[in-house]
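**Student:** Sequence:
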Amino acid sequence: MATIRRLDRVDVGTADLNDAISVYRRNFELPVTPAPDGKSATVGIGDAQINLIPASSPAEGEGMSGLWLQADDVDAVCAALSKSGYAFKPVRIAGERRVLEVEPKSANQVPLFIFDRKV
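According to this note's numbering, the stretch in the sequence shown is residues 198 to 316, in order.
Bear in mind the hints are in silico, worked out from the structure with no lab data behind them. Everything hinted at is true.
Calculated cross-link-like contacts (lysine-lysine; reagent style DSSO-like; alpha-carbon spacing at most 30 Å):
1) K315 <-> K302
2) K302 <-> K286
3) K315 <-> K280
4) K286 <-> K315
5) K280 <-> K302
6) K236 <-> K286
Cβ pair distances, simulated, as ranges:
7) D216 <-> Y283: 31 to 39 Å
8) V296 <-> R222: 29 to 37 Å
9) A276 <-> D244: 21 to 29 Å
10) G292 <-> I242: 20 to 28 Å
11) G235 <-> K280: 40 to 48 Å
12) T239 <-> K302: 25 to 33 Å
13) D213 <-> K280: 39 to 47 Å
14) R223 <-> K280: 41 to 49 Å
15) G243 <-> R314: 16 to 24 Å
16) D216 <-> V296: 25 to 33 Å
17) D244 <-> R223: 18 to 26 Å
We put the CB at the ideal spot given by N, CA and C, even for glycine.
Whenever a hint applies, use it, and build me the whole structure from the sequences.
**Tutor:** This is the structure:
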């Protein structure tokens, strides 16, 4: 069985990082930690995060650019997706994670990443 354990993070593209930081602090009173290089920031919500990152281009615009879910076993998720006919890229290793990238057409056009820590 493919078990999703928790929401890990949401990546949000922004054209104005400082404005986005102030929105989360002012409107929601959430803790925001700018990256040391000042090019991104992390908003903490419980044990999950919102990563504020620069929009890759003006055409891309602002908004969600990635949804990250933690699974118990990425292989089980791959098997369930394959059985249901959903498309995904081969599992890759990123640091201490095995990451499965689901094709957006199979996830309501959402950039969906599912990982486990079985490296």
